[in-house]
Amino acid sequence: MSEDLGKIKTFDQKEWIKENISYHKDSGSWAWIYHRITGIALIGYLFLHIYSLSTLTGGREVFEAKMKSFVSPMFMALEWILFIFVLFHSLNGIRIVLVDWADGARYQKSLYRISWIAGIILFLAMGYIMFSHEILKLFGK
Amino acid sequence: MYRYQSSKNSGATSWVLQRISGLALVVLMIGHYILMHYHPDSGHTYDAVLGRMQFSWYRIVDLVFVTLGMYHGLNGIWGIFRDYKLKSWLKLSILSTLVILGIAFIAWGYNIIFSIPYLKNLT
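If you read the protein sequences in the order shown, they are chains P and W.
Residue numbers for the first sequence follow my numbering, beginning at 1 and rising by one.
Residue numbers for the second sequence follow my numbering, beginning at 1 and rising by one.
I should point out that these hints are in silico values taken from the structure, not numbers from a laboratory.
It is possible that some hints are incorrect.
[Claimed, not checked] Restraint ranges, calculated between C-beta atoms of paired labels, are given here: (1) Lys87(W) <-> Ile17(P): 18 to 26 Å; (2) Lys18(P) <-> Ser14(W): 29 to 37 Å; (3) Ser93(W) <-> Phe139(P): 52 to 60 Å; (4) Tyr118(W) <-> Trp32(P): 42 to 50 Å; (5) Ser93(W) <-> Lys68(P): 16 to 24 Å; (6) Phe47(P) <-> Leu23(W): 40 to 48 Å; (7) Trp57(W) <-> His49(P): 20 to 28 Å; (8) Phe47(P) <-> Ala24(W): 18 to 26 Å; (9) Tyr118(W) <-> Pro73(P): 15 to 23 Å; (10) Trp101(P) <-> Ser93(W): 31 to 39 Å; (11) Gln54(W) <-> Ala105(P): 45 to 53 Å.
[Said to hold, decoys possible] Computed cross-link-like contacts, DSS-like style, restricted to lysine-lysine with a CA-CA straight-line distance of at most 27 Å: (12) Lys18(P) <-> Lys120(W); (13) Lys14(P) <-> Lys91(W); (14) Lys85(W) <-> Lys14(P); (15) Lys68(P) <-> Lys137(P).
[Unchecked claim] Short derived list, chain W residues pointing at chain P, Cβ under 7 Å: (16) His44; (17) Leu63; (18) Gly69; (19) Trp108; (20) Gly109.
Model, not experiment: these values are computed from the prediction.
Even for Gly, the Cβ is constructed at its ideal location relative to N, Cα and C.
Let the hints inform the model, and build the full structure from the sequences given.
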């Protein structure tokens, strides 16, 4: 018995990563992975957000000098991309709550597909809200 | 006889709180995004911030928002660490780091909100 113990496969980090990457994943596994990635990104953003808004304590000039870098089209595009993270985490979060509390395990796959469709629509709607002002300016209104 | 071996509590309370705070954050977050972006000035000028902060209810919403966001985010990070078998000293140090970070950033957020003056007090 004690001789067999030596042959038992022990934890090998390299193998573990390989197995996890190659493992066939359904929508649920991808949702789980994306939920983590978006969640980590969002809490990271919240730290930065509180840090950058701390200029508010310095009054108008300090705050508006800081904000100047955040109104460029480049930064606004990044904020729009951040909304993908918000939407994925929100919609998948609702899906998780439904699975936990509303028998959602029975329809979680269609929920996942519906979330993607709703997410794309909301993403485009937010794009319109964010950039409508700029677009209208282009047409001289 | 089986019991939870790693800790005294099952984590059920934090699980429920994560669901509830998450649902609240969905509403707050989407509202926040629309409010800050419906006009380029609304999220980026001092006047817009000052105007909103004249309403005490708006301040309260903001305080709740930053608290729930920090709690939900750091509880989520803690949940990721809980997926792995960590040595208890490591667990304790990670947990205390997260708690301290959370308290510090929530306090920082509160301080920012309270630092914005009520205009009626200025005149």
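Do the hints match the structure? See the list:
1. Lys87(W) <-> Ile17(P): 18 to 26 Å: holds (21 Å)
2. Lys18(P) <-> Ser14(W): 29 to 37 Å: holds (33 Å)
3. Ser93(W) <-> Phe139(P): 52 to 60 Å: holds (57 Å)
4. Tyr118(W) <-> Trp32(P): 42 to 50 Å: With a Cβ separation near 46 Å, Tyr118(W) and Trp32(P) satisfy 42 to 50 Å, so the hint holds.
5. Ser93(W) <-> Lys68(P): 16 to 24 Å: For Ser93(W) and Lys68(P) the Cβ distance comes to about 40 Å; the hint is violated.
6. Phe47(P) <-> Leu23(W): 40 to 48 Å: At 23 Å between Cβs, range violated.
7. Trp57(W) <-> His49(P): 20 to 28 Å: For Trp57(W) and His49(P) the Cβ distance comes to about 22 Å; the hint holds.
8. Phe47(P) <-> Ala24(W): 18 to 26 Å: At 20 Å between Cβs, range holds.
9. Tyr118(W) <-> Pro73(P): 15 to 23 Å: The hint (15 to 23 Å, Cβ to Cβ) is violated, given that Tyr118(W) and Pro73(P) are roughly 35 Å apart.
10. Trp101(P) <-> Ser93(W): 31 to 39 Å: At roughly 34 Å between Cβ atoms, Ser93(W) and Trp101(P) fall inside 31 to 39 Å, so the hint holds.
11. Gln54(W) <-> Ala105(P): 45 to 53 Å: Given a distance of about 47 Å, which is inside 45 to 53 Å, the answer is holds.
12. Lys18(P) <-> Lys120(W): Violated: Lys18(P) and Lys120(W) sit about 63 Å apart, past 27 Å.
13. Lys14(P) <-> Lys91(W): holds (24 Å)
14. Lys85(W) <-> Lys14(P): This hinted pair holds, its Cα atoms lying about 17 Å apart.
15. Lys68(P) <-> Lys137(P): Given that 27 Å is the threshold and the Cα spacing comes to 19 Å, the pair holds.
16. His44: At about 4 Å, which falls below the 7 Å cut-off, the nearest Cβ of chain P leaves the hint on His44(W) intact, so it holds.
17. Leu63: Since the shortest Cβ distance to chain P is 13 Å, the answer is violated.
18. Gly69: holds (5 Å)
19. Trp108: At 6 Å from the nearest chain P Cβ, Trp108(W) passes the 7 Å test, so the hint holds.
20. Gly109: holds (5 Å)
The structure fails hints 5, 6, 9, 12, 17 (numbered hints given earlier, in ascending order).
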